[in-house]
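K.L.:
Each chain, written out:
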Amino acid sequence: MLTKRIIPCLDIKNGRTVKGVNFVDLRDAGDPVELAEIYAKEGADELVFLDISATEERRRTLAELVLHVAEKVNIPFTVGGGISSVEDVDRLLKCGADKVSINSSAVKNPQLINDLAAKFGSQCVVVAIDAKQIDGQWRVHLVGGKVPTELDLFEWAKEVEKRGAGEILFTSMDHDGTKNGFANEALAQLSTALNIPIIASGGAGSIQHFTDTFKEGKADAALAASVFHFKEIEINDLKSELRKHDIPVRL
Amino acid sequence: MKIVIIDYGAGNIQSIIFAFQRLGFKPVLSNDPDEIMTADKVIFPGVGEASSAMRKLKETGLDSLIPRLKQPVLGICLGMQLMCNGSEEGSTKGLGIFNVDVIRFNNSVKVPQIGWNQIKHPEAPFFSEIKNNEYMYLVHSYYAPLCEDTIASATYGVEYSVALQKNNFYGVQFHPEKSSIAGEQLIKNFLSL
Chain A
10 MLTKRIIPCL DIKNGRTVKG VNFVDLRDAG DPVELAEIYA KEGADELVFL
60 DISATEERRR TLAELVLHVA EKVNIPFTVG GGISSVEDVD RLLKCGADKV
110 SINSSAVKNP QLINDLAAKF GSQCVVVAID AKQIDGQWRV HLVGGKVPTE
160 LDLFEWAKEV EKRGAGEILF TSMDHDGTKN GFANEALAQL STALNIPIIA
210 SGGAGSIQHF TDTFKEGKAD AALAASVFHF KEIEINDLKS ELRKHDIPVR
260 L
Chain B
446 MKIVIIDYGA GNIQSIIFAF QRLGFKPVLS NDPDEIMTAD KVIFPGVGEA
496 SSAMRKLKET GLDSLIPRLK QPVLGICLGM QLMCNGSEEG STKGLGIFNV
546 DVIRFNNSVK VPQIGWNQIK HPEAPFFSEI KNNEYMYLVH SYYAPLCEDT
596 IASATYGVEY SVALQKNNFY GVQFHPEKSS IAGEQLIKNF LSL
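In order, the protein sequences belong to chains A and B. Heads up, the first sequence is in this note's numbering, so the first residue is 10 and it goes up one at a time. Heads up, the second sequence is in this note's numbering, so the first residue is 446 and it goes up one at a time.
Don't read these hints as lab results, they were simulated from the structure. Beta carbons: idealized from backbone N, C-alpha and C, even for Gly. Accuracy of the hints is not assured; some may be wrong.
[As the list claims (entries may be wrong)] Here chain A is said to cover these stretches of chain B; the calculated rule only asks that three of the stretch's residues, wherever they fall, bring their Cβ under 8 Å from a Cβ of chain A: (1) 460-472; (2) 558-569.
[Unchecked claim] Only pairs whose alpha carbons sit at most 35 Å apart, straight line, appear in this in silico DSBU-like list of lysine-lysine: (3) Lys538(B) with Lys171(A); (4) Lys515(B) with Lys501(B); (5) Lys224(A) with Lys611(B); (6) Lys576(B) with Lys240(A); (7) Lys611(B) with Lys633(B); (8) Lys128(A) with Lys538(B); (9) Lys515(B) with Lys538(B); (10) Lys117(A) with Lys155(A); (11) Lys515(B) with Lys471(B); (12) Lys576(B) with Lys103(A); (13) Lys471(B) with Lys128(A); (14) Lys565(B) with Lys103(A); (15) Lys447(B) with Lys128(A); (16) Lys471(B) with Lys81(A).
Chain A on its own, in the form it takes in the complex (with noise of 0.2 Å):
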């Protein structure tokens, strides 16, 4: 049986993790590489790395780093942040990511969907969408869920369905943060009209909010950061719970 994903976020900045981790076996707790492989011992079923750098060397720093996780981690991992074009699809690709997640630029320029698709594979291309409700509509967001759009949630979802995304990864800005749990309403609604993957993102804060994700929220992966990074959820206790409640996971 297909297992639902844990999946922890990594925030990087220059090549290093920056939200703080609370790892004491961790010998530099900036590395991401070092983090990475733990995540993997520990049972993470899948890592994306999303890089929140401008500086003009952002390129070259996020696929040395890519290399170096593709180097020591043996699980699948995603890259995500300010990937524009099918250059920089192509060259995190060579260097061992096994999927890319756009976001703003997929917004801007939607055939940047059907390209991706087309040359690499839907398998590879996951569109992140940051959304809020605004007098009750789920309205698309941008730049970190700074800049709203015009753009319905749903639509906007099937329309990058249509384009050829292999997985939507939905981040709720209302529950980002919050540690309330996930927007499961609207990631049920996602998860039934669309018949690709769906993750879901932004607030998890117990082990609850994962069972009810995959259970009222319909996710087929969960991802989640700070509480990874600060211990206050083991993703083996996490698996264990979610087995309890008949929830498929690899364990």
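Given chain A, work out where chain B should sit, using these hints.
P.N.:
Just chain B now, with coordinates in the frame of chain A:
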């Protein structure tokens, strides 16, 4: 041991190279027939679309070379699919090693399948030291139905082949290079054939 990974411009080979390196081996990347013929083990990778991958194989003449190889050959993901009779993806003919046609998952399940699924492998020596129903990482939209060459299966809407074998030819739908310790064991098993 000389391990050659067939290089025909089909997708992410870096991860496969690294997986072998983690196990202490140094695979060679090549599309040179002599290099491939003289290898002890041959890896036939592939990510992407079937008909364009097949076209690349034909351009280099590898389509006629691969089925004639005598040493153990391991096709991974699309590599495995191309070793079949043909694929619904791009309506392409395959290398005809495994007697089965690759078809698309129907829409009763989410397509592509992405993630870790359980691998059922009753008594296949190729899976020695890997427990039955172990998890492996899969990402694909097309699959090989069960057939006479099936040595392992998984279920996603239907039960289908995740590993095929005929003589010296092996194919796996999952990614051993991305399947943690279980995947590493499978690579070791292949190398000890």
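K.L.:
State for each hint whether it applies.
P.N.:
Hint check results:
| no. | hint | result |
| --- | --- | --- |
| 1 | 460-472 | holds (count 5) |
| 2 | 558-569 | holds (count 6) |
| 3 | Lys538(B) with Lys171(A) | holds, 27 Å |
| 4 | Lys515(B) with Lys501(B) | holds, 22 Å |
| 5 | Lys224(A) with Lys611(B) | violated, 42 Å |
| 6 | Lys576(B) with Lys240(A) | holds, 30 Å |
| 7 | Lys611(B) with Lys633(B) | holds, 19 Å |
| 8 | Lys128(A) with Lys538(B) | holds, 20 Å |
| 9 | Lys515(B) with Lys538(B) | holds, 22 Å |
| 10 | Lys117(A) with Lys155(A) | holds, 15 Å |
| 11 | Lys515(B) with Lys471(B) | holds, 21 Å |
| 12 | Lys576(B) with Lys103(A) | holds, 32 Å |
| 13 | Lys471(B) with Lys128(A) | holds, 29 Å |
| 14 | Lys565(B) with Lys103(A) | holds, 32 Å |
| 15 | Lys447(B) with Lys128(A) | holds, 31 Å |
| 16 | Lys471(B) with Lys81(A) | holds, 15 Å |
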